[in-house]
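2 protein chains.
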Amino acid sequence: MRYPTHLLKVIDILRRLPGVGSKSAERFAFQLINWKKEHLEEMAAIIQGIPAHLHHCQECGCLIGDTLCPFCVEARRSSGFLCILASPRDAFAIEDTHEYHGLYHVLGGLISPLDGFGPEKLQLEKLKTRLKTLPLKEVVIALDSTLEGDTTALYLKKELDPILIPQGVSTSRLAFGLPMGSSLDYVDGGTLARALSSRAKF
Amino acid sequence: MRYPTHLLKVIDILRRLPGVGSKSAERFAFQLINWKKEHLEEMAAIIQGIPAHLHHCQECGCLIGDTLCPFCVEARRSSGFLCILASPRDAFAIEDTHEYHGLYHVLGGLISPLDGFGPEKLQLEKLKTRLKTLPLKEVVIALDSTLEGDTTALYLKKELDPILIPQGVSTSRLAFGLPMGSSLDYVDGGTLARALSSRAKF
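Protein chains in written order, with this note's numbering: chain A, 7 to 208; chain B, 7 to 208.
Any given hint might turn out to be false.
Any copy, or any two copies together, can satisfy a pair, since identical chains are not distinguished.
Below, in silico cross-link-like pairs of lysine-lysine (BS3-like), each with a Cα-Cα straight-line distance of 27 Å or less [claimed, not checked]:
(1) K164 / K43
(2) K43 / K207
(3) K143 / K164
(4) K29 / K134
(5) K127 / K42
Worth flagging that the hints you see were computed from the coordinates, not collected in a lab.
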């Protein structure tokens, strides 16, 4: 017996969410069928309202609501720091550390030729203009410690050094090493090798 | 930095899906932000359309689309079999086995006093009326092999036997035993004990 057509549509659209396979999508769909009409309408309205209520800041690319970009305020501008990120979500993660109070720049992705994301998609012109005009002391590259993150970081260094070095702006990248609370038994070899070669005076 | 208000709304509504915690809901939400406007509108329309396009059959409680209930057709009615299920989804699982061609009756849940689902919620009046009027040979109880499933099955037997026995209708329950492809090393003790006590002549 085939599922009713509309149920197949519900399952199909839910499967487009990240990490949701057919089994989870079916589970979600059968749950939605039991929701009250007003809750379904609320969900529909919230989803439909995304383009109207959530934007990317024209300047830094961070995710903002209906307000001015809180990541581009004057206090951050005058800090002299600019942190380069892959996605808008990373800005919230860095903010949560309370260790950083500078500006951000969101690239929108990492170089990954197999996924069709080449260096041109990083749209570095916008970033280069910012680097030339902002009063900077340090650029912090905060990208994943993956092959794509490493590739993008190296590419950025090559592209940005000609602008940053003459201005006396330093570049840094997030440290690699043992995650907090990890035991050496369980840490993978790559992490351990990197932690060893980056060992610090104690 | 707090997430924009609308993003919090998106995360909050997605968290109401079964098995979705805050981390998954955030992941879904950040993905939805990247969707095109027309895809978001399509999703909203599909969700909003659930009450109009998906119904429960008034007779058997199975899930149906805009058509007549395919689970209540005359060929199934004359088979003499009625299968009692907890949820509409189970009917599709049983259909997929191609081993059963009779009618269904969906209870809508299993007795679970801790979750506020007492025996009165099974609405047995409807089922009793069907059992008295349908031409039956056998009633198949197809409920979970859990505490709630066992409780509900025993309660059904006590309630329905006075109707079924005088009519000469037999009652059966799904077999318990080793799942297909399982190795004895990995099967839990309860399953093994049940498989042993229900052993069949070979």
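Hints and how they fare:
1. For the identical chains of this complex, K164 and K43 are neighbours neither inside a copy (55 Å) nor across copies (36 Å), given an alpha-carbon limit of 27 Å.
2. In this assembly of identical chains, K43 and K207 lie within 27 Å of each other by CA distance neither inside one copy nor across copies; the values are 62 Å within and 52 Å between.
3. In the homo-oligomer, the alpha carbons of K143 and K164 lie at most 27 Å apart inside one protomer (18 Å), although the nearest pairing across protomers, at 80 Å, exceeds that limit.
4. In this assembly of identical chains, K29 and K134 lie within 27 Å of each other by CA distance neither inside one copy nor across copies; the values are 46 Å within and 34 Å between.
5. In the homo-oligomer, the alpha carbons of K127 and K42 lie at most 27 Å apart only across protomers (18 Å), although the nearest pairing inside one protomer, at 43 Å, exceeds that limit.
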